[in-house]
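Residue numbers (my numbering), protein chains in the order written: chain A, 201 to 596; chain B, 201 to 596; chain C, 201 to 596; chain D, 201 to 596.
Simulated from the structure, these hints should not be mistaken for lab results. Any given hint could turn out to be false.
Same chains, same label: a pair holds when it works inside one copy or across any pair of copies.
Stated by the list, open to error - Here are the computed lysine-lysine pairs in the DSS-like style, where the Cα-Cα straight-line distance is at most 25 Å: (1) Lys203 with Lys451; (2) Lys533 with Lys593; (3) Lys450 with Lys203; (4) Lys451 with Lys335; (5) Lys450 with Lys426; (6) Lys329 with Lys451; (7) Lys329 with Lys509; (8) Lys286 with Lys426; (9) Lys588 with Lys513; (10) Lys329 with Lys533.
There are 4 protein chains.
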Amino acid sequence: MVKKGLLERLNAGEVVIGDGGFVFELEKRGYVKAGPWTPEACVEFPEAVKGLHREFLRSGSDVMQTFTFYASDDKLNNRGNQAGVKFTCRQVNDAACRLAREVANEGDALVAGGISQTPTYLSGLGKQKTQAEFKRQVDVFVENKVDFLIAEYYEHIEEMEWAIESLIESGLPVCASMCIGPEGDLHGVSAGECAVRMARAGADVVGVNCHFDPFVSLDAMALMKKALDAAGIKVYLMVQPLGIWTPDAKKQGFIDLPEFPFGLEPRIMTRWDMHRYARQAYDMGIRYIGGCCKIQSYHIRAVAEELQKERGKMPASHDKHDMWGGGLMLHTKPWVRARANREYWENLNPSSGRPYSAALSKPDEWGVTQGHQDLRQHAESTTNDEIKSTTCKYKK
Amino acid sequence: MVKKGLLERLNAGEVVIGDGGFVFELEKRGYVKAGPWTPEACVEFPEAVKGLHREFLRSGSDVMQTFTFYASDDKLNNRGNQAGVKFTCRQVNDAACRLAREVANEGDALVAGGISQTPTYLSGLGKQKTQAEFKRQVDVFVENKVDFLIAEYYEHIEEMEWAIESLIESGLPVCASMCIGPEGDLHGVSAGECAVRMARAGADVVGVNCHFDPFVSLDAMALMKKALDAAGIKVYLMVQPLGIWTPDAKKQGFIDLPEFPFGLEPRIMTRWDMHRYARQAYDMGIRYIGGCCKIQSYHIRAVAEELQKERGKMPASHDKHDMWGGGLMLHTKPWVRARANREYWENLNPSSGRPYSAALSKPDEWGVTQGHQDLRQHAESTTNDEIKSTTCKYKK
Amino acid sequence: MVKKGLLERLNAGEVVIGDGGFVFELEKRGYVKAGPWTPEACVEFPEAVKGLHREFLRSGSDVMQTFTFYASDDKLNNRGNQAGVKFTCRQVNDAACRLAREVANEGDALVAGGISQTPTYLSGLGKQKTQAEFKRQVDVFVENKVDFLIAEYYEHIEEMEWAIESLIESGLPVCASMCIGPEGDLHGVSAGECAVRMARAGADVVGVNCHFDPFVSLDAMALMKKALDAAGIKVYLMVQPLGIWTPDAKKQGFIDLPEFPFGLEPRIMTRWDMHRYARQAYDMGIRYIGGCCKIQSYHIRAVAEELQKERGKMPASHDKHDMWGGGLMLHTKPWVRARANREYWENLNPSSGRPYSAALSKPDEWGVTQGHQDLRQHAESTTNDEIKSTTCKYKK
Amino acid sequence: MVKKGLLERLNAGEVVIGDGGFVFELEKRGYVKAGPWTPEACVEFPEAVKGLHREFLRSGSDVMQTFTFYASDDKLNNRGNQAGVKFTCRQVNDAACRLAREVANEGDALVAGGISQTPTYLSGLGKQKTQAEFKRQVDVFVENKVDFLIAEYYEHIEEMEWAIESLIESGLPVCASMCIGPEGDLHGVSAGECAVRMARAGADVVGVNCHFDPFVSLDAMALMKKALDAAGIKVYLMVQPLGIWTPDAKKQGFIDLPEFPFGLEPRIMTRWDMHRYARQAYDMGIRYIGGCCKIQSYHIRAVAEELQKERGKMPASHDKHDMWGGGLMLHTKPWVRARANREYWENLNPSSGRPYSAALSKPDEWGVTQGHQDLRQHAESTTNDEIKSTTCKYKK
């Protein structure tokens, strides 16, 4: 049986639920290294990658996104990362396509090839070299017959436009989402203008992913929607935010928070936060609703459960989860059974359990971006001296 | 090659690292239902269970504990739980043994059969019936040739003594750990006396697990150690705490906190918290150091990394994790690279990102325990009326 | 010796330091009633009022503002307030002038007559009736030869313009400050436009007071300054904010926070917060720098100490306060003596001591304003039924 | 008309309400210097001191305590304090008696002479020299015919016993309260034993004051009561705690918190906290209920209002304060009027308004006490070198 494609689904008014984050989750599980964050686990630990795909599939994800984040050649070899020495970009991307497809075939999900921003662009090496990086990945995706492409995690609209240009040559539907918030891209282009430019570059679906929490991301989406409406552009909207709270992140998002990446635990969203997110996203007219880093499968399940009526179905893993804490009716302790209701969980403001912690942090705000020498790709490792001299420059 | 047994390792002065929590983690992944928390996933989703075992193995766990929490017949059939209808206690326990053994064989880990407290005891049905529940599980463990047994998660020393009595009949080494904190068991027996009674009942290793955070648990361990010393008893010590902060939990532990079980996210420990825990536990003389609910494999990895020198080895998944954030040297952003050092992470007090939340919660403190009618096991579901009338009794 | 007038001082480039809040401080001391907040204490407890004036004088205040907040006839008789029954508007205002002058004469301070917004305006009774209320107060101020007038605490630019029109007829210098933040007045007029309209109406000094913390108030001042510059208007700037933190207050300010008025204690500013405030205000070019509700005399002293160099003098009460905690050198305990330095206090983020409290609150945001029937002045008391029916309308 | 004495009142079963704190309040008002905290303001600013006495009288205080904290000769001349150079101990104490008496005569209040711990004791100079310091103050109190004496703010039971011995020679009733919490005195004597020893030394009323919040202080009182009961001793109980929250203070109390003394604002209690305190203290059988540092007159008013029925009267300043926020019925804004009820204020957990602050702090815990060289009294100022070398010793 042939599956309906992405645009068929969206044209039919369906909600498409994306998946969640791979790098942070697989880092916790011991299969990805924090720092480079590259996805060679597709080759090294295929069962672990498939296991995570499967969790999302069972939780309601309609899209299996290839685990190809930062899988361009220039990133696999950046700053001492050995991934590119052991495996080629082609190998990693090829394996990722295969794993995503195998799990997608266990259900009704589509496979999307994902392409993210490049060190080449950040190093200021220009359009041609940047697009060459994209092309190597797109070629593998086309060979593997993915269902559509996603250009995601771009901090600069310029690089995003180059990416869209490269991706649409494949003839596949193209989604485009930037890792920006309401303050816009890192060159000062507003969120609204970014949306318009992504659409004009040819993307079928536009939006944001990563870097901000669901509600800050929806604030950015509101600006995008307004600008698209003002420009008279019809395009589908997508949003795939973080699974953590970032009310204090500024323009550069969560990587700028002092807790990134090893102290973010207190910020992790509850499933109830996700219900509110899904409802608000839907009410804004967004029809591609998913997650990015720190979004785990139970977060996606909450999205699917919230939108059950709109989608006309429950996710597979709902068998293991009654709505609004209903499973607690089976708990041994009577006071826990008393929590088996929606009102209880909707009104809970969970305590942090950390009386020596504050509520918010002040981001680093170094403010360096594309073209800055401190961002240049280089194959050899960063030295301690490099770090020391860089820090001094920005020490407040 | 024959593996060294538990007591051989402890006698040789080795540190034995336990594993982490299965029910909460597999709940998030969609394979376990919150409320009953029973482990029929061993039969339903064997690959998912094995996948989690493998994460712990790679992270340094020396023990693969069978996923048999609450796998007694009376619990599989409690309050509308359908697990016992679909699968027998024997089936579940048998599958759990097989999965644990398969993964243990991928490394140097031992298999431990775990037996937890029973609804039969809580319902006040007496020693004979309670021990009959234990026996059905022990039989399966013996048949499957597990390496040792753990009686864990007991709230009452009385039931624990009955359990130890049943377990030592197997001839296997027996560990015994109660889910209590410094305030002692739910019948008012002090933590110190519990330790003495567990040792006198014949346990080879005694301690606490679950219900409290690592540091509250170590407070309880200090009381146990003091009482054992005072009684002149030599016995090994074990601790397997929660992976969340519970400074505000009273006698009944985290199930008494209003956030249990669906709003505990802000309390999740960082890997740096685990370094401190491992060091303090080791310095107290505890040699079986592991985790329970909410302890994920990266938490166990942190324990293994902290105790590298003492153990003379690093865990397998250390390949994906440089010490003290060292992997950040490979990060794209210079200000994140500047965080690649121990001082930074040891001193971070992570913000909650939740300005509308408090630091601490007030537990429910209903205070009902063994023998109380609201705790009785019954096969049929709890009704809404039952919940309503129970709540009214305790409403403040 | 004749004192220099307000405009002489400002024209000479001097910084004029205002005073702090009377109603909240005298409420705590037992002389003012929270709710009506009317200043009949001028007649009832003159020594207490003088005592507070004197504290501000000694702390560096260059202005003794008559304690005539809400001292218009319509407010003294509003909603069951008995103040207007016992004392006339004239009596209260007259006493206030006398007390302010007596203390002003103990130093180099000026006397300013203060006139605030009226229930008459809020009730929608029109310009003529509103200005009649103003006139009765201005007449008393002119008779008492105050040095200048301040129209302060206005939520609507329209009423403020009517007030300025009434006040400039006196021939005295006129200051005008609205109780608004960066979101502008309650009819939706921007902060910038409010500033321009105050200046165009004839005010010599314009700015904001009350309703927001010092830093939110400075954000509003920045918008005012920008708009005035854009309009090419030269006018002096003033700011007299709250002495509490209000990062969470929305358009209606601190009265909208759930803690208003009896639970604001955790928000009270430290003296170190005031140092930062004074410095930032000065650097923005503001030359009339004072405080409003919750600003106590030690807060004003901190302003005067911070601006010592610019003003060429220290306040009298500096005799009892060494800079940056220096007095702690005389403390008995050595670890407290170790805190006698600027770095310590500048870097302190004081804990709340309240682990069951959150960091921020959600304002009520009922959003009713001028013209709404629930705001109408009436002499008789509010009934319980009125409150109940009003609450129902807005219950979320 | 002759007033009833302290013991007559207590014997008659009356509640005696103490006053609040003078040093912190007068420091804020510009009349006392933080660091030495000595009370020469009695001579320098008598009207300010009387004004504060009067606020407490009007708020329901039955006792005007002479403002003689730290008014012994050795303290007036300690570490560079100039108070003792300008004024003798006799002058200060004499003035304090006069001011207290003048205000006491405005109502039904008694005058209590207060004597606190001495640098002489801390310096280890022995019983004779320490009692000589006490005697000089007692003589002045006797000459001035105070109604009774209070030995308060003692960290060591030994010095307290010496004080009681000196005070009972006066023939006046003697109250004795130590500045300790549940952990006992600084030499490791338990709170319970301290109570027994104070009673055995001859005190008519015993308890605690200062250093801890009301609820921690009541915990200490519970230990004292239990020990007194166990010893079969009948004595009246008193409690005069801080007006700030100190859940995180350890043995040495609030001076050990990093916020002491210039960053304690977020910890200030609300009037509603005081209602709970008064009720709990009364229910424990305590009949002398007052306050110490940071307790302002509105806090004492709340105590008097809470105990209205038991006392059969309301305080004078109740005229300016309706119960449970009732005055808000007269507020202009309807949503504030809706807060005019007990349920609202009893359930409010006030937010801190400080998202960058934590809930709790870690005390310094240097742990030096009586006899340690760093605590020795000396007339000359502490030098910067002394501070630096001392700090190094304790730097963690």
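(message) Hints numbered earlier in the text: which of these fail when held up against the supplied structure?
(response) 1, 3, 4, 6, 7, 8, 9
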